[in-house]
Structures are given as C-alpha cells and as structure tokens.
Amino acid sequence: MTAETLIWLIPLPPLLAFGLIVLFTNRSKAVSHTIAIAGAAISWLLSMIIFVIAVGKQDLAEEPLVSAINWLPTGETFMRMGVQIDNLSAVVLFFVAWTILMIIIYSVGYQNFGQPKGERDVAGLPPRGAAIIDSHGHVHNVPSVEPMYSRFFAFLSLFAFAMYLMVVSDNLLLLYVGWEIMGLCSYLLIGFWYGKDSAKKAAMKAFMTTRIGDVFMLLGIAFLYSTTGTLNYREIFGNHELLQHLAGTPSGILGLSTAGAIGLLLFIGTIGKSALFPLHVWLPDAMEGPTPVSAMIHAATMVSAGVYLSIRIFPLLSAGWETGAVLTPVMIVVGAVGGFTALFAATIAVAQNDIKRVLAYSTISQLGYMIAAVGIGAYTAAIFHLVTHAFFKALLFLGSGSVIHGMEHGVLHTGEHVDAQDMLNMGGLRRKMPVTFWTFLIGGFALSGFPLVTAGFWSKDEILSGAFRGGQTLVFVVLAVAALLTAFYTMRQITLTFFGQPRTEAARHAQETSWTMTLPLVVLAVFAVGAGWSGIPEHFPVIGGILPNWFESFTGAMLGHEEQAAGFNAIPLVVSVLVSLGGLGLGWMVYRKVKVAQDPLRKALGGLHTLLRNKYYFDEIYQQCFINPATWFSEVFTSIWMDKVVIDGILHSIGRAFLWLGRLVRSGFDVPVVNRGGDAIAGGVKYTGAAISPMQSGRVQQYMVVTITVVMVFTAILFAFLKLV
Amino acid sequence: MDFIGKHILTLILFLPTVAAVVIFCLPKKRELLIKWVALLFSLFPLVLTIILWFWFQSDQAGFQFQEQAIWFPSIASTYHLGIDGISLPMVLLTTLLTPLALLASFSIKDRIKPYMILFLLLETGMLGVFIALDLLLFFVFWEIGLVPMYFLINQWGGDKRNYASLKFILYTMAGSLGLLLSIQLIGVVAGTFDLPQVMKVWNGLSGTLLGLPIGTVKAVAFWAFVVAFAIKVPVWPFHTWLPDAHTEAPTPGSMILAGVLLKLGAYGFLRLVLPLFPAEAKRFAGGLVFLAVMAIIFGAFAAFGQRDFKKLVAYSSINHMGFVVLGIAVGAAAAGTENAHLALNGAVLQMFNHGLSAAGMFFLVGVIYERAHTRNLDDFGGLFTLMPVFGGLLTFISMASLGLPGLNGFVSEFLVVRGSWPVFTIATALSMIGLLFTGAYILIALRKVLHGPVNNHWVGHLSEINMREILVLAPLMVLILAIGIWPAWILDLINKAVIMLY
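Residue numbers (the numbering used here), protein chains in the order written: chain A, 1 to 725; chain B, 1001 to 1502.
Only chain A is shown next, with the shape it has when bound in the complex (with noise of 0.2 Å):
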C-alpha cells in the first residue's frame, strides 16, 4: 500500500467507529470505549507512519504526498477532492494524533467506567453519584458512571473523523467540510448535558457563533473558486504567478486586492472558529460540556483548525509582501485581531475562579498570540506554538478534569454543597493528587513560558522575538504584557489548587483519579517539554545548535524562500524571560496565602475587577445589540408585521374586495335585474293567469257572451279606425 493511500484510510476508522457505536454498540459501555479507542489508536498509528514517512522525505514542501479524486461534475471540468500531507500538515497530523488518542483513553476513566449506576442518574444530565454499602455496613456515595456513555465515545469519534479530515484534506472545500462537521460535534459535545439549561444554551451559541464566521468563509472559498478555478492548496499558495495576480487585482471591497479581500473573509472564518475577538463569546460557555470535550475541542483540535486556516492561507493573506516590508492591510487585520485577543483574554482571565474558565480564556489568549504571530508574519513560529500548545493545553485542560473529577469525589463523599470547580474551594490539592499536580506544574509551566526547559518557552519566544524583528513594536509590547498576565494566572492558578491547605472539605477528601485518567497527563506532559526541543533556534546562547531546530527548517520549507536570518538578539529573549519569571513569582506572591474563599485582587482592584469578572459585558453587549433585535425582527417584524400585516392584508383585502364585488353584482343586478326581473315576468304570467282564470268557467253562455262582446268591441274599433282614415 502506498503511502498515498495511508492518508485516505486516516480519516475512516473514527468514523467507523461512529457508526458502530451508533447503530450496534451502543447498550454495551466497554464494547464501545473499546471500539472507538481502536479506532483512535488505528488512525494514531497511519498518522506516525505518515509522519515518518514525511519527515523523511526531502523535498516534501515542493512535492507533497497527494493523491485525488473528481468529486462533484462542474460544467465542463470536474472539481476535485483530495488527500494531502505536507510540512504543515505533517506536524498538525502530529499533535493532532496523539492529543486525540490520549483525551479518549483519558475519557474512559473520566465518565466512570466501572462505577456503579446511579440511582437519581437521567440521561442529559451529568451523574449525580451512587450510594455503595461495604462489607462493614457502611454506605459511602461514590462517583457514578454517566448515562449516555457509549454516545459520547460515539461523538468523539465523529469529532476524531472530522479533524483528520480537515489535516488531511488538499483543498479548502474539504477543509470546510471537516471543519463544519467538527462544529457539529463541538454543538453535540457541549451540549452533551443537555438537560442544563446552561449547556443547551452554551452550545447553540457556540454553533451560532462559529456559524457567524463560517458564512463569511463559505463566501470567501466561493470568491477564491470563481477567481481562480481551482481549491486546492498547491494549485493557489504554490502559484506565486497567481498570488502576485491576485495580490495586483483590485477587489472593489473596502479598496482591498483580491487576495486582501478573499484572505479577509476566510480569515472570518477563523475569528469564529478559534474564538478571536470579537467572537470569542462562545468558547468560555462552551466549557459546559465534559473536560474531555473541552480539552480536545476547544483547546488542542478544533480551535486550532482555526489557526490551521490561517497559517494555510498565509501566503495569500501576505501576497505582495516581502520579508521587512510594509504589512500587507489584511497582516495588519490578523495581527491586530490577534494581538488584541492575547491581550484582551488574558486580562479576562485573571478574575475568573472556575478552573476550567481560566483555561479557556488563556486558550483564546493563546490563539490570539498564534494569530499575531501570522499577522506579523512569523509564519513558523505561528506554526510551532500552535504544536505546543496544543500538547500543554490539552494537559492543562486534562489536568483540571482530573482535579475537578477527585474534588467532585470528595464532595460526594463529605455531601457538602460547593462547586467543585470553584479554585477557591480548592486548595492544598497536591497532597491528595500528586500526578495530577506534578503534570498541572509542567503544563503550567509551559503555558507560562517557564525558561528553558517547557515547550512553551521557545515557541513563545519565537514570537516575541519575531514581533521584535520584524519591528513591531506595538505588537511586541502587548504580547509581553499578555505573556506576564498569562504567566500571572496561571501562577494564581497553581497556587489557588494546589498549594496551601484545603479550604474546604472536599479539598481535604479530594482523591488522586483512576490511571485511564493520568496515564494520558503523563504521556502530554513529556510532550509540554519535549515538543519545544525540536525549535531551538541555532543563535541562542550556550544551548543553541546542540540540537539542530528541525522545526523552522521542516515548516518554514512550506514558504518556499528562507525567512529572515534569525539573528540573535538578547531584548526579546531578556523581556521573555522577565515577564514569564516576573508573572509567576507575582501569581505565587499574591496568592499563596488565601486562607478563604475570596480572591485578593477584588479589594486591590475595585470595579475593574468587577468588569473583568463579568468579561467586560460582552454577552449582555450582545445580547442586547444582535440577539434580542434580530428576535424581534424575526418574531414581530417578518411574522406578524411583514407576512400577516402586509402581504395577508393584502391578499385578504383582494379577497374583500372581489367578495364585495360579488356582492355588489348580486344586489346590483342579480337580485334587482336578474332575480326580480325574472320573478317579474313568471309573477306577471301568474297574476294575468290567475285574473283571468274565471273566464274559463266552462259555461257557454257565458263564453257566448264574452265573444259577441268581445267580437262587437273589435268591430267597433275597426269602424273607428276606418271612419279616421
């Protein structure tokens, strides 16, 4: 078999493993963890071998493996789908296979398997627990196993499809295809619970929202389509004719080029996948759904295909620029959106106390800091962080599952009533759970850019030093803002869980989880250090060039030309290093003394940390600016006003009026003229009938007398007449 034909089959076994689950399994727990585990773990191992077989082939950046198939008839030609695996894809294909692998064996352990069935248990709501008796007589309440098991391993193997499909695919239609499918799964995932109100809530705005960009990318692959006849991406991004046309043609939208004008609307698309502001609004809701779903959906795949799109389409977002040059209008909408999103989340998350929150506006945060890395067009070091992260978000992620899974043990076990994932319920947490607290501190680190040793470190720095370089200066400065506040909460994170004593109960009784759940901590938290080895940049100091940096000469291959020498420069390294240390001692100062549930940022702060805590208003801004209108307009306006107003009081009105004719008709001239008139004449012939009926008496005198008369008077008239003439 041809490696060709490997990449076709990467997609196929998740999705198998849907339709198994689905329409057989699904009765059976174990035999559908067990079937989309498989499944996982097939596509996992033809994602390796692909990848080896990548790496190891030379010129892949001109000549990728691709192999392809007329899809839909189009006119005369035909458009064609197909699979393809270059640098870039090669390294998503490599985060993406293990993440995805790792957070469904994490799955098993976090829904329960093997615990007992509820008593209170339903099915659209998140176990409640179960009471077991011992052998001593005891009755201890103990997590339950979930309801609807067998369909979330059935979702999440959609979800594996979709995002293979994405990597894999050689053209934007196949992209939007899996991209859209993922949305699905991402609806279904989080409102997995779906009798929460919240959930059911959360997850149509995550659809609605995403969709919002979806329809600008939808118009964005049609323009590109129609400009240039082609999707695929070697036959557009490998086109510098085309681009350098396209880049010279004015759209007419907004004075922008056409590839401006196509390259914003796709990038919409990838403001409403990977929560960029302004629609960021759904992904904090989203964090409704299980950790799982959260971990993998909205931190290590899909809001990442965002990110994918957006490095995919870099070299038509910066057709016509050069390395040094003025940013193209489009770069500097990237890199705006970008660099303000990193800012603007990370301050969000500094007041927020639900651990799972935090993570996901530090994930927008970070998706912000890949975006601007594209705007500023530090292509592979978007690429590198978007690998990074990915593995140290997923264990972050993973990580705070597991301490809300051994809180929510020990809040079943104590029976107190507080939110297991409030951090200010939490606290001295490494005692009870040190593999979850170990792999949390790595994947910590990481986040914050912790010096030398975390991937999150290097792919970081890359960044910074790129704004640096390239002379973006703004840029720079808000990204070290956001890389001090990034490293500050998620300090006041670590702290707030792990350190200290309990302050609660259930802190105290919390309890390490099962190995299902910490195996995959383990094996992501080797990856938080060990991914950013491959990106050591040759100039830095002492350590540079032990290890060749694979990574910018692997994808940076994808542009075709060398990016700008990476020379060395010490003020973006120093500022990186300051502000990573500087945020986490600042977290660790100002947090390692909470005694009680209250955060001590809220007296210093005042009413910022009021408007931070509630997100600055954004969903309240919406709702009211965009959801209630568009409900009135929808409810009153088109229904009532537009259809049954207007264009029902119009036909109504004809039907009126044609009625009133016809009853205009009727009085007018049926009844008086037609009816009457008839009447008229049959009750004329009635009356003369009936007045001179008694003429018909049968007596002959009679009828003689009436005839002499009769005969006389004519006679009489005829002389009249004749004496006249």
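Just so you know, the hints here were simulated from the structure itself, not pulled from any lab data.
With a straight-line cut-off of 25 Å between C-alpha atoms, the simulated PhoX-like cross-links for lysine-lysine are:
#, chain 1, residue 1, chain 2, residue 2
1, B, Lys-1496, B, Lys-1282
2, A, Lys-593, A, Lys-603
3, A, Lys-196, B, Lys-1448
4, B, Lys-1028, B, Lys-1109
5, A, Lys-117, A, Lys-29
6, B, Lys-1200, B, Lys-1496
7, B, Lys-1006, B, Lys-1496
8, B, Lys-1448, A, Lys-201
9, B, Lys-1160, A, Lys-644
Because the structure is a prediction, the values reported are computed rather than measured.
On the provided structure of chain A, position chain B as indicated by the hints.
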C-alpha cells in the same frame, strides 16, 4: 419487456391512476388491504423509475423515452411525453416520496379509501407535469395535481383547514389563469403546443398577434409564466399560502407538498421560462434575484420567529427554495457561462435535496404531533431523554436541512453560492444572512424540542418512534448521505443536461 421499454413513461404516469381505480373497487371497510394495495402499487413507478435511471443516456442531448399519440389534432396538441436530465431526478423524487408518504399515511384513521385514491391521483398529476412535453398536457396535469391536494387539506387537515385549503387553491388557480393564457398565446403564435417544436420555432418568430408585436406577446407570456411559477415555488412575497397550507395539511400531505409540489414551480422556470424567454429572463434576472434573496432572508427570519414547529419547517421551505430561485436567476442572467451552469446545477440539486430533507422534517414533526397533539415548541423540552432514537433522527435530518457539509444540502447550496458570487455579488453576500439564520431556526427548534430538562408532562405519554416510521425515514437518510458524500452520481446527470440546455 419491449412494451415496458416503449411505454415506460406512460406506465410510470398512469400506474398510480390504475391503483386508484383498483382501490375504488375495494370495499371501504378493508382498510388495511387498501393501505397495502396503495403502498405496493406505488412501488411499481419507483421500480420503473430506477430502471429508467439506468437506461437513461446522460450524454445524449434532447428528450429520451419519448412517446407521442394523437390527442387534440384540431389544435395540434398531442399526448407527448419525454424526459431529460432535469426531469428525471424530479420523477425519481416523486416516485420515491409517494410510497414513503403512503407508508406515513398508515396512521391515518379517517376515510382511508378516498384518501388513498386522492393521493394516488395526486402522484399522476405531479408526474405528468414533469414528463409532459406538450404545453396543454402540461397545463392539464398542473391542474390535476391541485384538486387532490385541495381535498387532502380540506378533508384531512387541521382546525383551520377551510381557510388554508381555499387560500391554497385560489392562489394557485389565480396563477394558473395566467399560465393558461400564455400557453394559449404560445400555441396560437407557434401553431403547435408541442414543446420541442415550440422551442424550435419560438425564438425565430416575428410578426404580430391580434395587432400586438411579437415582442409584447412574449413579454406578456413571460410574466404570466413567472407569476404562475413564482406562486407555486413560492417566491417571496407570494409565499403566505404555504405556511397555512402546510400547517393544516395532514403529515403525508405536507411531505408531498414540500417535497414535490413546490418543485413544480421551479421546474416550470427551468423547463419553460429559461428556454423560451432567454432575453426576457436575462433582462429581468435582477428582479428575480431580489425576490430570491428576500425569500432566503425573510424565510429564515420568519422561520426563526415561529412557535409552531410545523410552521417553522414550512418557512424553512421558503428559505431553501430561495436558493433554487437564486440559481435560476443566475442561469438567466449569465446563460451559457460556467457560472450559470454551476448555479443551475445547484438549483436542480437543491430541488432534489430539499425534497428529501423537507419531507423528512415534516414527517418527524408529524411523528411528534401524533403523540403529543401539539406542535407548539414551547410545550416540548427534554424529549431527547424520552425518545432518544427520534432525537437522533431529528438531529440528522435537521442538519441536512441546515446544510451541514457532508450531507446533501451543502453541495447544492455551495454550487448556487459559487455560481452566483461572480454574477450577483451583493445578493450572494446578503443571502448569507439567510444562511446564518437557517442555523438559528434549526438549532432553536432542536433546543426547544429535544434539549432542556425533561418535561414531566410527557413522561409515559410519548412512545419512541416505531419501526414503520423509521422505515419512512431510512431511504431519505440514505440518499441524504449518498448525495452529501458522493454527489457525482446524481449531479453528473444534471450537469450534462444543464450544459446541453442552457
């Protein structure tokens, strides 16, 4: 076999009528027998259509399987049938949806015999429109289709069935007046009602009719056609009969109404308006685009504003058919270009796709209505827990309706959007508002019906969807997936016909 080969279209067309006659002779007490006879008979046209599908030569231009017999020799009107790549998918849609609707009708309890007879006659009427190649014959079948539907709504409908059925028939009849008038105009001017012959001579005609220059005559005929077909599609603002008719019609009636009857209007545009009036169509394409975009946007908004589940689905039909009209308008404005071909491919495929998904949606609404006796979205909630299989199926069909990539609706909408973008850029961009709100109304329906806490009112009252009902949906779902994943099997045929025709 030879007989079948020569008269396959007549067989497809009149087998339902034969079935109606057979049922007419059955005693009305034997309800189950009547149901089975109707269902089994309706499978014959389906089987023949499938055979036809394989016999059909998609590379060959013009009409195939033609049959011609003397009908009205004095006015040069003949019994002329034939199909091409545009009508064949529509015939398949009709012969597929009718058995499914009949299977769905098994739960009808009232006056089975006349119901089944009307339903089968309805099938003949619809098929006749798609395969008639004579204008007068076309008109006759067009009207024949109306009457059974009127009675189905009027006799088996809901509370406001009188208003709805009257609105339906009067509105369509008003359109038919113009249709008849312009068919007569064409017949008189061209000297024949035979469509292939009319097409040959029509564009070369000159001179006057009743003192009017031929251009004026054409313009009159064009507008009469447009109005008649626009009412049937229905295009905004001629659409308000549709929600009423749908809401009151019995479930199988809605399936056919949305699945097939609406396609008659769009088919009229494709078969008569575009080929006969290319110049007028091109001149007025902008107006048609405006109406299409209004239908897309306001159809979606209106659907979003409904609280009656069935009305919501009815408005979704207006929204979806808007894309068909958009595609047709592009075909009119840019005839002969790749854009037009793509848009028309999309339009024809969208007709087929909407037939599948709308029939499925209406059926699922019917399933829930039969059990709950309400369609008010606010009365439901949490049904996913009570009816998980139903929930899964509803989600699936809803996603097809929403245009999720991987399912059928996306392919056709993408083709229309791709075709119309270079021709009507702003209109295409505006139609995205409709596409966005398509998502909104579908999701709000799912949310209100399936999601949320279990509504205790329904616990123990709602039974899971049964095997018969799943069987109604299964073929629809198979086709939805088949077109979504591998559209070439049907689009190839449409595409070749579109290139040859327009």
